[in-house]
Amino acid sequence: MNKDELEKIKFKGDVKPNWCPGCGDYGLLSATTSVLSDLGYQPNETVIISGIGCSSSFPHWTSAYGIHMIHGRALPAAYGLHMVNPSLKIIVAGGDGDGYGIGVGHFIHTARRNINIVYMVMNNQIYGLTLGQSSPSSQQGHITLTTPSGVDERPINPISLALGAGATFVARGFSGDTKHLRYLIERALNHKGFSFIDVLSPCVTFNKLNTFQWFKQRVYKLEDINFDKSNLSDAFSRSLEWGEKIPTGIFYETTIPTLDETDPVARNKIVVKEKLGLDNIDRNSIFDYFR
Amino acid sequence: MVNEISYPLISLKWGGAAGDGLQSTGLLMQKYFNSLGYSVFGIPGTQSTIRGGHVWQHLQVAITRIDHFDEELDVLFALNKQTLDVHFNNVKNNGIIITNSDIVNTDEFNIKIVEKEIHLVSLPLTTNARNIESRSLILANTIAMGVFLKLFNLPIEQYHEILKKRFAKNSKILEYNLTALQIGFNYNTEQDVSRRLGPSNGKLDNIVINGNQMIALGAAASGLKFLAQYPITPASSILTYLAMNAAKFGIIVRQAEDELAAINMIIGASFGGARAMTASSGPGISLMAEAFGYASMTETPIVVVNSMRAGPSTGIPTKMEQADLLSMISLSHGESPRAIFAPRNIEECFELTVKAFNVADKYQIPVIILSDFALSEQTKNIPEVDLNIKINRGKIWQKPSSEFPKFKRFQFTEDGISPRAFPPTPEANYILVGAEHDEESHSLSGNRCGLPNSWTIREKMIEKRFKKVKKLEEELDGPEFYGSNDADYTIICWGSTQGAVNEAVDRLNKSTKYSWNSLSFSNLFPIPIQLTKEKLQQIKYSIMFEINYTNQFEQLLYLYVDWKVNNRIKHLNGETSTPNLIIKKIFQLEEFKNE
Ligand SMILES: Cc1ncc(C[n+]2csc(CCOP(=O)(O)OP(=O)(O)O)c2C)c(N)n1
Ligand code: SF4
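Just so you know, the protein sequences line up as chains A and B, in that order. Following our numbering, the numbering of the first sequence begins with 207 at its first residue and continues without gaps. Following our numbering, the numbering of the second sequence begins with 230 at its first residue and continues without gaps.
Next comes chain B alone, as it looks inside the complex:
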């Protein structure tokens, strides 16, 4: 009798050198499982290396929805020796290693392989790949994929479909891949157990998408008309996805000469009436500081995506951190109102981008979407999003009305929001200016500077600009609890760590005698004070989890809500956080030493 193992979830990792085609194989694999109705979740481990080095693609496949990943592996694809060196210890007992015998010598792991009862499939991937097509080593991935399908009794036909779609435009490459897949599938792996993934019950028509693509799609659905961007990891895929779809979506997509240009370009486009966006990461965002303040001062709506990477300076470009929060709150000199949204998951990348555009237009402020490497580059399958969204362009002046008989760009109003007009609207000609200005946008920095009348206007203008964000607070969403409201312990987080934190909460509720919940924030700034207070008051004992050294969000809560956390954990090595890591960090706290 052959034993059978049924998996509710498979955690697997491909490791190899950059250029080995891991990410594209990872994506095909996700599309494959998606087409079978499973949940997939992918995280790339990249280096700033184009060829060579060590990169990996992590993938979780599950029969139920997942929003996190675990380090422990059921399957490791080791295309090079370094993959074994780095990830061997993560392979579970009874796990599987598929490796390339042409270049990977597993001798030093043999004892451990036996001890952990790991099923090792070592086959000459390079030789086999070369036999199909002498130059394409990338076929090694497809061969390994064939082995994997066989090991888990998964349907090969469905993978044919995925390959056919991927290589629809290149029949030769398709043929190579189909052959490679079959070679792997036919390879005799001599298992004494039969492995199966539990039955799927998900939808078959979900989409596999990453955070940046969701931001891009959210922007397009919101009526984005102009994107100017300078390439940088991990924001580039917003530019590339929209460039690919520019003509279809009707969006002008231009690569700027630098980020200074990019943000000033979108200010020009917004002045002309277009919804406009740019995206970057730390180094580029720093360059945008001066113009960002200009947008705020001139009440010009723009959306800026900051996909955070580990800083400061060049930092670690391909790793995640949440250390830009305070600099986003104070980006640019002087005091310039803005809003900041930090999506907590892929779905919110879309929703909050839509919100960002509406808030930018309605309140005539620059809005920052604060993503990070882990979210921007993470892939997940979700149902198709509803592209038919509500668009609010705010107060736009087209001709004299009873409310605004004469156009004054910065007219003082009850809510601080003035009418906006775009050229060539007649009777509305005005000069946008970054100097302090009067209601008609005449500069106060020249001959009128220092005159008593200008003092009054200056004070009223500051008041006006901040009145808008006070009003904005009314439509912001407060933090959300996950788990019961009256738990003994609350983990507080913001942005992309939500998935791992919530899974940690579930595990802690199962494994400890206490009750746990989480409180997560996405509308970060201005902080919705009332809603935040209401939730914080219910907390019995709080543990803040954020990926920065200086407790940035904690500082915000203290400053704006006059509230202090009880304890904190952090994780600063750059890798995306996992539930078990969070749990481990919690149990390292003095309070839990004896648990």
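So here's chain A without its partners, still in its complex pose:
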């Protein structure tokens, strides 16, 4: 391979994914590594963070730094890392159980804080790794291991949730359309603030309802219909659409200050590059308070 070719695959990891053949997650993986390479990011300056689930093995298949956290806690780890070193590019990748179930609280709070990271959820509407139980995004009526008479809870709406929580970039992709996915990932990486992409990523093994075919018949792109992504109410109304037609694309994008720009310390320095301890500080200014 020549230098250019090597450059193109520099985010591809040495370890081969152990996902089932045909799993939707491959689509997001290849789109992500290729966009990162194309945009000139460096693996040692990029950190990919995940929780637990099939989808959460994502970082292992790349050449970047990574943290494979515990179930549902990828976002807090990303937050801590980002705040101490905002110069790193951080991408969080996980599943719907991980992000909309056990970790949903962190999803809301991370969005609200507008930290400058990208969060991508491989939403297969099922628990893959634990072999097929229902998920918070499972479709009503879906018969799964844990819902023998069909899911009787309403599914979470990740797009409305993200909008309501204050995410500043909200999009949906489909892993059957990697070209469009690449577009969304590029836009998310370029967005300053919390960028969220719900990725429809079929589980070919355990979800026989929401299949590639099922989605292909339904998805359309907001980019194709003259949709104004700067309008929050439009974004909310559009987020409610699900059924015969499923919108993909960017629902909403806005720019406001990010947390590393407002935090009284992070806005002035990258703390991991600072000297340790209090030697440089006037002792009196510390101890006078105690007298």
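Worth double-checking, as some hints may not be accurate.
Claimed, not checked - Some, not all, of what chain A presents toward chain B, calculated at C-beta under 10 angstroms:
#1 Val221
#2 Ser243
#3 Leu245
#4 Gln248
#5 Ile255
#6 Ser263
#7 Tyr285
#8 Lys481
Quick caveat, the hints were computed from the structure, so don't treat them as lab data. Keep in mind the model is a prediction, meaning the values are calculated, not measured. Where a beta carbon is used, it is the ideal one built from N, C-alpha and C, also for glycine.
Guided by the hints, dock chain B with the ligands onto chain A, whose structure is given.
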């Protein structure tokens, strides 16, 4: 002729409703005596109540150093009737009660007041406070303070200075307080004795600080760069003190959405190379269990402060207990190495926090600082601490070296400790993972699970992680005797009860025909076996004192050192232990029934 009483120590208590400003007055008072060179020691008695209820602030002022408090009172400030109901019996003969005649009727105590020759100063604090400023009842405290200064012939000017500093930003409030102080000071208390505090000989520039602030300062001096915390009593003041000083100290201080988030945030920060800490108490610590194991498994250094409160569940949030020890040793599933330090006093809150950070980095383990309500919220005056401390960040890989030509995050080494690298260090990219992993941090839980090669790595990795703590044992401090090594009786304790225990030892040595000492532990886990054995062997008869029902530290000594105590006492009502209480408990033991 007026009699004169000279006090080597004054034990006093303010009691009132929450919101009456007792704690802030208590602190000002401590700063006042500190500025005069006396030793001060303060313990708050709080409830989970914001307004109303009954709270108090206990204070000891002494001409020599103190590390304990006594229930018996020289002075009681009763801002409400309940204070008298609860604390009247603790007032010594000849003691003083200063009370608010507007709301406290002392009639039912009159006979006892006469019997005990208590000097009662009853004045309309509320009316006086209202006359100065209609809304601020908190001024009642300052008026009472004025009375107190006069009663003990203490210099009022010095208190002006304290008030001026406290209210430097608000001249109106300062003025109110100065007026209030003068009203109290001018009040004619008609004493027939003249009371004085003995001469002070301490330093005039000590600092008045509490346990949590010392932990926070220790962390800052150690190079803490990231604190994430969720508020909880009695750990909150670590968060608030550091939040107040974040910009000055260069520490990112963030309030997390919960403790699950807090501990996972600091793991992320530590992965990035920052020294990182969180603090909480029982309920929050329980939530952290899973991530704590992750930190141990991934050899990610973090420091977790557990300021223990009485459990289980919500327990008694504002009272102390030492009942989390065993759960800290086994916090999280599986077997995950960690270290636990329990400071025995305010000074050690600083020293052991510094040690915690160095141990965490050097051995790449999570470290717990085990404080408790009584220590975290206790205030004392001490000399300024030396902020210039030794920082050891352990093995950090920056580029290929002869020892580590190629970076492998979990490389097997002699001492079990591998190199650590932070992004964006080139050539060191790796994925941190909580699954069992090989030297390069590749997961063994997927396609390699169950293959013979993985069996070997699994066993070697367990060995590696525990090798580190074996090595750590070498730099741990063993227990310390207080008093002569060959005493007849030894009281064993750990953590914050040391001050009261040592004072009990002194009193027992004076009041009994036996000799007494204490043996106190601060480096709790892993237990420094050799050093512990050496000390335990010298004991003739041991009495364990710990604040839990299930003899947790005793269990540890038995398990790790194969050693049994002779006897034990405990105190489980939640209140901070006093020397006299310890003595009383000892004399209730069968062995001492006839003493
Ligand atoms: C605290 C905790 N509870 C439960 C599990 C078991 N578990 C592992 S993955 C998973 C669900 C995964 O579903 P999802 O996040 O949608 O990922 P997928 O496998 O479908 O990609 C569960 C429940 C766990 N690892 N940790
Ligand atoms: S079980 Fe489903 S989600 Fe998991 S790898 Fe297979 S196809 Fe993908």
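Comparing the hints with the structure gives:
no.: 1; hint: Val221; result: holds (6 angstroms)
no.: 2; hint: Ser243; result: violated (14 angstroms)
no.: 3; hint: Leu245; result: violated (16 angstroms)
no.: 4; hint: Gln248; result: holds (7 angstroms)
no.: 5; hint: Ile255; result: holds (7 angstroms)
no.: 6; hint: Ser263; result: holds (7 angstroms)
no.: 7; hint: Tyr285; result: holds (5 angstroms)
no.: 8; hint: Lys481; result: holds (8 angstroms)
This entry does not satisfy hints 2 and 3, going by the numbered hints stated previously.
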